[in-house]
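Number of protein chains: 2
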Amino acid sequence: MAEKMISNNKQVILKNYVNGPPKESDMSLKTSTINLKIPDGCNDAVLVKNLYLSCDPYMLGRMKKIEGHYTDAFAIGSPMVGYGVSRVLESSHPNYKKGDLIWGFTGWEEYTLVTDPSTSFKIHDKDVPLSYYTGLLGLLSQKGETVFISAASGAVGQLVGQFAKLMGCYVVGSAGSKDKVDLLKNKFGFDDAFNYKEERNYNAALKRYFPYGIDIYFENVGGKMLEAVLNNMRVHGRIAVCGMISQYNLEHPEGVHNLSALISKRIRMEGFLVLDYYHLYPKFLEMVMPHIKKGKITYVEDMADGLESAPAALVGLFSGRNVGKQVVVVAKE
Amino acid sequence: MAEKMISNNKQVILKNYVNGPPKESDMSLKTSTINLKIPDGCNDAVLVKNLYLSCDPYMLGRMKKIEGHYTDAFAIGSPMVGYGVSRVLESSHPNYKKGDLIWGFTGWEEYTLVTDPSTSFKIHDKDVPLSYYTGLLGLLSQKGETVFISAASGAVGQLVGQFAKLMGCYVVGSAGSKDKVDLLKNKFGFDDAFNYKEERNYNAALKRYFPYGIDIYFENVGGKMLEAVLNNMRVHGRIAVCGMISQYNLEHPEGVHNLSALISKRIRMEGFLVLDYYHLYPKFLEMVMPHIKKGKITYVEDMADGLESAPAALVGLFSGRNVGKQVVVVAKE
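As you go down the protein sequences, you meet chains A and B in turn.
Take the first sequence: its position 202, counting from 1, is numbered 202 in the working numbering, and each next residue is one higher.
Take the second sequence: its position 325, counting from 1, is numbered 658 in the working numbering, and each next residue is one higher.
Isolated chain A, as found in the complex:
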């Protein structure tokens, strides 16, 4: 029989399924207890201490009861689940041992028993901030082309823009405040950027920055911006659909009225989920690590301190309150 080592375990719980925009009050904090030992017979599991949690827009989908969503809804009364960086306290899985750092799905709590760590990755390279592992995902590769990125100062956008710059593209981003626009132009090295909240006419704004049209659109917002982009795409353009954050909270999502541009301009528009590209992660690290170490990639994180701040941090994503990738610091080791 396994020995017992009971510890308190602070948790962020989903209180009820979200209706409309998420509110902090949809979540609550709870302190339960956990045995910091892997139960007998629980093979291939790891017991982890959580260090960093990632706040991602897709999580809203799991906080709602949506038929046919690509992942299951969270269970009411249980801790929420998301990407995080954790330290292994104990392991019954052959790939992991005590002390390993891993990233992957974990609970929004101090300690989690991860019963299926097969989608987690061991962190080998510790010369970069650990929190980066909650966000350094997403990849784009083209050269000599014009690239537009919406929500460009966010977790994904800032990286996509820098990768595109490294590959020799002309890169413009949109964001929702002057500070974020400054960040894009001065810190991330975008060729240009604009505050979409100050533009009455997205069409005109895009024409200003892309007089000859857009080759690649990295879509994070959807709705009216997508319409304007379709009007400004070039022939054989590509749209990588990463997210449509402007639409997630609308009871009736806005319609996109000019999809026939897909035909006349022979545009490819494709949605993707990181789930499908895990196998490429080692390749991605190989590509990105040298750039990070040479200081060629800047990465801005918005650190919320403590599990207590997790609900507000998650809710803030949807009003654009975060600057850069929103992370929750659960423990600093």
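These are calculated hints, taken from the structure and not from any lab test.
Accuracy of the hints is not assured; some may be wrong.
Listed below are the simulated DSSO-like cross-link pairs for lysine-lysine, each with C-alpha atoms no more than 30 Å apart in a straight line [to be verified]:
1. B:Lys598 to A:Lys15
2. A:Lys37 to A:Lys10
3. B:Lys540 to A:Lys207
4. A:Lys224 to B:Lys598
5. B:Lys397 to A:Lys64
Pulled from the structure, derived: some chain B residues nowhere near chain A, Cβ distances all over 10 Å [as the list claims (entries may be wrong)]:
6. Gly432
7. Pro462
8. His612
Simulated restraints on C-beta separations [said to hold, decoys possible]:
9. B:Pro427 to A:Met287: 47 to 57 Å
10. B:Asp609 to A:Phe318: 36 to 46 Å
11. A:Met287 to B:Lys511: 51 to 61 Å
12. A:Arg208 to B:Ala645: 50 to 60 Å
All C-beta atoms in this analysis are idealised placements derived from N, C-alpha and C, irrespective of residue type, glycine included.
Knowing the structure of chain A, use the given hints to seat chain B on it.
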């Protein structure tokens, strides 16, 4: 100096740019004269007698004054231009000689001087009806998957469905009348078909025919049908966007409100124009000819007799009056 051989030349003229749906009165018939000799110094040209003209929905775009359309608008007062099958009467182009049959862009008139026949193709195989060359374009290749085709009895849909069947797919089509549905099921060998005008809820209709979802959607109509299809697509589904005929005549095209399905289902949606695939035409013929000769491909044409009937035939496309590919017979040799 070239000799003269003056002939009458009946023409279908664009009278004014179209506003809203096309009307027969937007076009007019005119008889002018033409010298049936290639003018001196006009190299690389062919003078043709037109046999069959193709009526295609895309032509509406050239009958309107739309900024940024992928092809130029037709000139007011000039004959309309479209795909057709023609016989070469005289040639100053090294690739063509008198008597050759060709298909490609030609005028909506009895005789045309084609000054750039570089996008035309010589017809070598005359064992199939010549008119087929106005319509046997468009190609899809997948196997063991579920395929939905809208406007399925039309020029393109009927072929796409049969190709998909040849490749072992489960194929369902929608069309706008009982007769067309019968054609799909009994003549084209679709697995099933439905009359969209009799369905109050496209979503429910698609769920009935695709309880496990749609792998491939061949999009010809757009609007509400596209929305319903997005709801019923499977993960990693593909949408080939050939046309959106339900939208071309709307002053305000309908919005598509559920594009975030592209993300959750990782759908690829791509528009195309046949212009980009001319180089594959010989390969296509190689593939399709044996099937046609063995009677494995059925092809239904709706023949309008005489240039006089051309305007009505073209207008009829937009109310779905045609059954099968709409062709205008200008001359039977």
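To see whether the hints hold, each was checked on the structure:
1. B:Lys598 to A:Lys15: holds (28 Å)
2. A:Lys37 to A:Lys10: Holds - the C-alpha atoms of lysine 10 (chain A) and lysine 37 (chain A) are around 17 Å apart, at most 30 Å.
3. B:Lys540 to A:Lys207: violated (41 Å)
4. A:Lys224 to B:Lys598: It holds: about 22 Å lies between the C-alpha atoms, which stays within 30 Å.
5. B:Lys397 to A:Lys64: violated (46 Å)
6. Gly432: Correct as stated: the minimum Cβ-Cβ distance to chain A is 36 Å, above 10 Å.
7. Pro462: It holds; proline 462 (chain B) is separated from chain A by about 28 Å at its closest Cβ, greater than 10 Å.
8. His612: holds (15 Å)
9. B:Pro427 to A:Met287: 47 to 57 Å: holds (51 Å)
10. B:Asp609 to A:Phe318: 36 to 46 Å: Given a distance of about 40 Å, which is inside 36 to 46 Å, the answer is holds.
11. A:Met287 to B:Lys511: 51 to 61 Å: For lysine 511 (chain B) against methionine 287 (chain A), whose Cβ atoms are near 58 Å apart, the range 51 to 61 Å holds.
12. A:Arg208 to B:Ala645: 50 to 60 Å: Because 46 Å falls outside the window, the suggested range is violated.
Violated hints, listed in ascending order, are 3, 5, 12; each of the other numbered hints is respected by the structure.
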